[in-house]
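Just so you know, the sequences run in chain order A and B. For the first sequence, position 91 matches number 91 in the working numbering, and the numbering has no gaps at all. For the second sequence, position 49 matches number 49 in the working numbering, and the numbering has no gaps at all.
Careful: at least some of the hints might be erroneous.
[Claimed, not checked] Calculated from the model, a selection of chain B residues having no Cβ within reach of chain A, i.e. all distances over 12 Å:
(1) LEU4
(2) TRP123
(3) ILE384
(4) ALA415
[To be verified] Some but not every residue of chain A turned toward chain B, in silico, with C-beta under 10 Å:
(5) HIS40
(6) GLY83
(7) PHE92
(8) VAL128
Hints are computed from structural coordinates only; laboratory data are not their basis. These numbers were taken from a predicted model, which means no experiment stands behind them. Here a beta-carbon is modelled for each residue, glycine too, at the ideal position from N, C-alpha and C.
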Amino acid sequence: MARSDRPSRRDALRTLAAGAIGTAAAGSWVDALSALAHTHARARTAGRGVQPAGWTPRVLSPRQHATVVTLAELIIPRTETPGAKAAGVDRFIDGVLHEANPAERDEFFRGLAWMDERSRILFGQDFVQADAAQHTALLTRLADEDNTTEEDHAGVEFFRAIKSMTVTGYYTTEVGLRQELGDDGRLAMVEFAGCDHPEHL
Amino acid sequence: MQVLRSPKVHPVLVIGSGASGGMAAWNLTRQGVDVLLLDAGERFDRSTFWTHVQPWEGQARRARGERPPPFFLDTAEQPYVTPPDRPFQLSRIWGHGGKTNVWGRVSLRYSEMDLKAADRDGWEIPWPISYSDIAPYYDRVEQLIGVCGGRDDSEVLPGSKYLLPAPAPRCGERLLQKGMAKLGIPVVAGRRANMTRSVGGFPACHYCGNCGAGCDTASFFCSADHLLPAALATKRLEIRSNAVVARILTGEDGRARGVQYFDRRTGAEREALAKAVVVGASCVDSTRILLNSRSSRHPNGLGNGSDVIGRYLCEQIRLNHYGYFPALEGTPTRNDRGIGGAHIYMPRFNHRAGRTRDYLRGFGAQFWNTGAGAFGAHAGSVRIPGFGAALKTAIKRRHPAWFEIHPFGEVMPYAHNRITVDESRVDRYGVPLPKIDYRIGENERKMTAHMADTVEEIVAAAGGVLVDYRRGQLDAMGSAIHEHGTCRMGADPKRSALNAFNQMHEVKNVFVVDGSAFPSASEKNPTLTILALAWRATDHLAEEIRRGSL
């Protein structure tokens with residue numbers, strides 16, 4: 001007989017179900033952190049959050065933090081609207097990791113270390129020191145879902161995790177939701193207008 | 001420890017204050033009956049709900065150490081037991097209003113088809129009531145709590161003249177409707193207990209869409225807002241909070257004489273006496289209480305000579321699929337918050353000519369999270385390949401285009417799907433924990449295939465693209481939070497625990513009024529029916545009290 005899961009995980013799975021990601025059953029650390037990021041991003045669920053001014057990371061070392069900032073900005077860069085860095089996605093990710101269980105956090109840390117290791121092999125320097133073309137070259141390999149090479153396996157998995165956390169974090173900031181996606185942010189209206197496109201009828 | 005006994009004998013004691021217990025307390029007190037209501041938790045203060053909190057504000061609040069109200073019961077405080085290979089996701093809320101604080105609000109009338117399904121297919125027992133018995137109560141409940149919906153009326157989903165105006169569909173919902181119309185699959189306005197017009201002095205829904213955080217304006221039905229204050233105003237209701245009921249106590253005549261409960265703050269054991277007991281602690285907790293209420297007269301649990309209590313646990317199976325409509329990509333982002341759920345509903349259709357297959361019962365579908373999300377990009381955004389400016393552009397283009405499909409299917413009542421109490425595992429008060437052993441069978445697997453086919457047909461006809469599609473992957477058992485069947489009503493006392501008025505066949509002064517009383521789960525959301533049945537049952541109880549026949 002096993003007792004049921006502890007509530008934080010159950011809350012995360014509940015959020016997953018509500019968001020219909022449908023990957024909860026996979027049970028890998030990547031899915032666990034993605035789910036936790038969703039929980040973390042929603043105002044309706046309990047959890048620890050990011051800090052405003054005078055912020056220092058709670059779990060990321062300075063070097064890890066620099067790598068996270070670089071990666072997040074590569075995933076969601078500044079365009080006509082601010083990117084992940086300006087939106088404070090590094091803080092969001094640090095907050096999620098702070099809440100994560102140690103095993104999942106360690107997997108994430110191993111992924112960060114892998115990025116530097118791989119970068120040194122390919123480019124002779126740590127990831128943050130590599131140039132834009134080198135960043136793009138490595139991330140292109142890691143973002144390729146058909147890349148099943150043994151040498152990139154850990155990196156592909158890690159990239160899925162940080163991409164998921166970055167996307168979730170960025171689009172739940174005011175910059176991401178309102179400025180970038182164009183949500184009007186209104187939480188009260190008298191009538192709900194709904195679809196008024198004749199072509200959708 | 002000394003047990004604190006109160007010499008007072010209450011006319012009626014109600015266990016639980018959610019949809020069923022709240023309704024019982026409200027309906028009895030307004031008819032002049034004094035009620036003692038025990039709830040395992042406290043009142044949630046709705047002024048503290050995070051209803052109107054943007055996601056980034058929520059993160060800032062949490063950084064300051066603030067938390068939203070902790071609705072769901074922590075399994076560290078109250079575990080439950082499942083076999084290691086058969087998990088069951090049980091969601092419990094101990095506190096005034098119970099799960100109605102954050103319920104999904106889908107309010108569908110059961111039809112004669114649902115109530116008499118067993119007469120048609122021969123599987124287990126039919127409900128001991130007909131639609132005509134419960135229809136007047138549906139009318140009253142809808143007027144009391146405010147349910148929005150359309151003018152549709154079918155053999156699956158009976159119509160009602162008491163529905164409030166339904167909110168217009170979102171763009172993606174229009175496309176789904178169009179696709180379903182092409183296929184001849186029925187689709188109607190969603191029926192949901194969001195008050196699109198002011199009801200009972202409560203302000204109308206204002207479409208913030210964050211109902212899952214609890215409603216700080218009480219614009220959807222919550223027992224703690226819409227029933228308990230009115231009952232308290234009669235001066236006939238006493239609410240005792242943090243009272244965790246363990247057992248129903250019986251006298252030498254086998255009738256209930258009160259309850260044993262524990263103070264959740266101090267652990268102190270207490271008793272409260274009553275002439276009648278109404279049980280509304282929600283399916284699993286009510287069943288646990290009944291099974292733990294053993295005595296020489298009730299060796300198998302209270303009123304369980306038939307051995308049906310705890311058996312026939314039936315929930316629902318559900319698929320969660322999502323995708324996007326290319327036709328909506330790149331359109332301007334709209335405010336799609338609405339009533340915090342789907343504005344359309346697909347009623348069951350698999351019984352109709354040309355639609356039947358080799359399994360029993362049926363499924364309907366909901367479509368929540370369709371449209372531009374209010375909580376950031378859709379979860380499917382992370383499945384868009386790539387990174388950088390191209391990813392950012394693609395996420396933005398797809399933001400208004402997402403849809404979701406969630407078919408809910410009936411799980412048959414099986415005797416082996418059981419809640420028992422595990423004498424070797426007890427909670428902090430020494431009370432045996434509920435053990436849930438639940439699995440689906442061949443009928444559900446066949447139904448799942450039909451559900452999956454239907455998803456694929458609708459998406460194709462509507463011009464959608466499924467993302468991360470895993471055909472037939474069911475959500476966790478228990479995740480619909482629609483537990484039923486473990487203390488069922490029925491005409492035959494050998495095969496049921498309750499009569500047609502939710503009254504125990506074997507213990508006439510005990511009524512069980514929550515979802516455990518349902519003989520079958522149907523594919524529908526149960527709360528409207530729980531409210532109607534609890535109203536009807538307590539009308540009967542009040543009448544018996546007036547006649548002195550209890």
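Status of each hint after checking the structure:
no.	hint	result
1	LEU4	holds (31 Å)
2	TRP123	holds (28 Å)
3	ILE384	violated (9 Å)
4	ALA415	holds (21 Å)
5	HIS40	holds (8 Å)
6	GLY83	holds (8 Å)
7	PHE92	holds (7 Å)
8	VAL128	violated (16 Å)
The structure is inconsistent with the numbered hints 3 and 8, although it conforms to all the rest.
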